[in-house]
Every structure is written in C-alpha cells, then in structure tokens.
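Undergrad: Sequence:
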Amino acid sequence: MAQNKNNENPENSQRSSASASSSGTSSRPRARTDLFLVVCRCFGVVTSLTAILCVFVNVLSAYRSFKNGSDIFNGIFRCYAVVLAIFVVIAETEWSFFVKFWKVLEYWAGRGMLQIFVAVMTRAFPDYSREQEYLVTLQNVASYLLLACGVVYVISGILCIGFLKRARQKKETSRDQTVKDLEELERRRQELEALLIQNTV
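For the sequence shown, our numbering begins at 31 and goes up steadily by one.
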C-alpha cells in the first residue's frame, strides 16, 4: 500500500504542475492593439508613399531638364526637391539614428512644415509644353497630396497629438517588454518544475 501511495505521488505532482502551468499560460497578459497607433502608422505609410511619388516626379523632371539642356537651374532645383523628399520618407520611418541628428523632425509640426515645403518645390515651375502635360498632372497630384499631409501634421502637432503618440509608443514598448519578461519567467519555471519532477521520481 505504501508503495502504491509513493507511485501515486509523482503522478499527482505532475498533474498539479501541468494544471498550474496551463493556468499560468492562460493567465498571461495579452498585448492589446492600440487603435490610435494603428491609425498613425497608416497615415505615416500614406505620407511616405506620397513623398516617394514626389521623388519620382522630381527625378523625372530633373532628367528632362538636364537631357534637353533647356533649364539647368530647374534641374538643380529638382535635385534639391528629391533630397528633401527623401528626408520626408526617412522621417516617417522614425529611424532613431536619423532623428538623433534632426530632432526637429521628431515633432509633427516640424515634419509637416518640411512636407509643405517639399510640396511647394514639387509644384513650382510647372510650365511645360503640351507633350509633357502628364508630368504637370503628376506634379499637381503629388504636391497637393503631400501638402494635405503636411497641413494635417502641422495641425496635429499644434494639438499635441504627436506628443500623445510618443507617449503611447513608450507605453506599448514597455508593455511588450513586460510580456516578454513574463513569458521568459514562465518558461524558466516550467523547466525548474520538470527538473524537480525528475529528481523526485
């Protein structure tokens, strides 16, 4: 009888440990998606695509200016517009290395003013022949889209929405780190329980 009880004890301990691990797994905090951050990221993607369109339009315009030799200054002007539009795209990625040297682009108002400036540069000097009407149309579409994004950024920056986004991003990062730490602790606890069961058998 005593031997049967000893044989039952490891089985009971295994069952209790399994139930404890399953309850611990079910009680893990789940990371909730912040709808506000999702909307901000979607708007950032739209802004990046619009800036890429401005890059394409200005590159095409600069190529035509240098190729025909009609207006070298317009080509140089377009090259500056391309560089600034690339800055807009990089700013939307919020790359920490880039933001460290361009702190003004961390704030939405500064980011919006840069976008408005690039939109104005893209829209400038649209006088082409009828053969290049499609280029003028592309310039208008790209410039007005980026202008709208810039206005939204400036207004949002004035309303401190950018500050709210950064605060929520920090909160989300800390929450994700906490979940990872809890999962790591849960994994170590299960390993220790498995070793304990092996030693008691």
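If you are wondering where the hints come from, they were derived from the structure by calculation, not from laboratory data. Hints may be right or wrong, so weigh each one.
[To be verified] List of simulated lysine-lysine pairs, BS3-like, C-alpha gap at most 27 Å: (1) K200 <-> K210; (2) K133 <-> K201; (3) K130 <-> K195.
Undergrad: Does K133 pair with K201 here, judged by a C-alpha cut-off of 27 Å?
TA: 21 Å, holds
Undergrad: Has the given pair, K200 with K210, been kept, meaning a C-alpha gap of at most 27 Å?
TA: 15 Å, holds
Undergrad: K130 and K195 were given as a pair; does the straight-line alpha-carbon distance stay at or below 27 Å?
TA: 18 Å, holds
Hint violations for this structure: none, all hints satisfied.
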